[in-house]
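Construct all of the structure, not just a fragment, from the sequences and the given hints.
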Amino acid sequence: MQVPAPFEYARATSVDNAIELLSELGPEARLLAGGHSLLPMMKLRLASPEYLIDIDPLADELGYLIEDDHEVRIGAMTRHRDLLESGLLAQRLAIFTDAERVIADPVVRNRGTIGGALCQADPSEDLIAVCAAVGGQMVIRGLAGDRVVGMRDFYRGPYRTAVGAAEMLVEIRVPLLEQSGSAYEKVDRRVGDWAVAAAGASITLVQRKIAAAGIALAAVGAREVTCAEAADVLVGQPPSDELFARAARAAQEACEPIADQRGSAEYKRHVVGVLTERTLRRAAERARAEQE
Amino acid sequence: MQVTVMVNDTDYTRDVEPRMLLVHFLRDELGLTGTHWGCDTSNCGTCVVLMDGEPVKSCTVLAATASRYAVRTVEGLEVDGQLDPVQRGFTEEHGLQCGFCTPGMMLTARALLDRNPDPTDAEIREAISGQICRCTGYATIVRSIRWAAEHSNPEV
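Each protein sequence line maps, in turn, to chains A and B.
Each residue of the first sequence is one higher than the last, beginning at 1 in our numbering.
Each residue of the second sequence is one higher than the last, beginning at 1001 in our numbering.
No lab work stands behind these hints, which were simulated from the structure alone.
Just so it is clear, the structure is predicted and the values come from calculations on it, not from any experiment.
Don't take each hint at face value.
What the hints assert, rightly or not - Reference listing, derived: stretches of chain B covered by chain A, where coverage requires no fewer than 3 residues with Cβ under 8 Å from a Cβ of chain A:
1) 1019-1032
2) 1040-1049
3) 1054-1061
4) 1064-1077
5) 1119-1130
The C-beta atom is built at its ideal place from N, Cα and C for all residues, glycine as well.
Written out as structure tokens, the structure reads:
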């Protein structure tokens, strides 16, 4: 029987209360959101916090998706299922919809939250790549107030983030750009498994040229999830299959996959190329559709 | 710690360790062994119960967390001695072989039909995609849920 090691349990009544508890209890305290990343880690003793602060009661306070002044604000306790079912995301930031269709399974998506997934910072985490590709900003709250960081600062390598001991990720802000499209695709072995490899792309068109682009990869060991080398290939150019193939080659060169039970390094690198091209094509189609 | 969980419309209070998972609370504290305990890793879905009507994997929820919700287990599917249409569907269409995945499958089916009374086969397959039947009896499970959709007459 797998059960977590013993811990003390506290239940937060508000975001402020959760941060106060974190600050009182010290670095051995962890927040429990949907629990679908942390509890499995605790069963395996990969995490053994002395205190768990259950923030499930904050699901209302931090469960929201709001269009606000050229950005979408997503509360950190928004559950995967609500992201998947959001019409706003499907229409304007379809990369989230693409990703949520293939994150875990429908039952897990009922509980898991975006904030929990991002703070777990698994190197295969889809939503880290999604937020990186679209230039998401993470709002981190502490006793001293809020600070906002991009994914490049947020993701500090496997299982490490910019969120400090007495801090909490409270919101994700994603810019809503005109004439933009985004897409996500992953290859996995079966429903609910981590990715063999995954890619996300976003493109902004201005007068039929790519004015801005974001490409991010998951599960292929790059130093950072954002693949600037591939995005640089695109900027200033008119979209074309040939251009996307060049960007895909840049992504293949930038990633550093390792061989494991999900495939050889060569196979994963091949998949990165295919998925980068596909997501770029789909992002460009969506950007054009938005133009019309 | 003292935890009170509402299961099938009854409040149960028990003194448990904070680390107690909902699946063990149901089985070991309440003796409700209809909820099965399988993989421990939130993959297999045999431990699925409903929390406020939505299917969740009870091996990955603390009993303490569940105390904020109304929990429904397979024991609570039957109402006033009448089997739920989903239970009747599994009987009519041979939706089970060994029966180990059945409680979780039926609860997910109930939640699906509550939201979508007439799902397509593709929607049924998507809904149960987080649950594993190692007898590989998926075709009959899908037929069972279809049967329930077609026979969900409330006065029956």
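Here is how each hint holds up against the structure:
Only when three residues or more bring their CB closer than 8 Å to a CB of chain A does the claim for the stretch 1019-1032 of chain B stand; here the count is 4, and the claim holds. Counting residues of the stretch 1040-1049 of chain B whose C-beta sits closer than 8 Å to any C-beta of chain A gives 6, which meets the bar of three, so the coverage hint holds. Coverage of the stretch 1054-1061 of chain B by chain A holds. Counting CB-CB distances below 8 Å, 6 residues qualify, and the rule asks for three or more. For the stretch 1064-1077 of chain B, the stated coverage by chain A holds: 3 residues have a C-beta nearer than 8 Å to a C-beta of that chain, and at least 3 were required.
Under the rule that three or more residues need a Cβ within less than 8 Å of chain A, the assignment of the stretch 1119-1130 of chain B holds, with 4 such residues.
Violation of the numbered hints given earlier is absent; every hint is satisfied by the structure.
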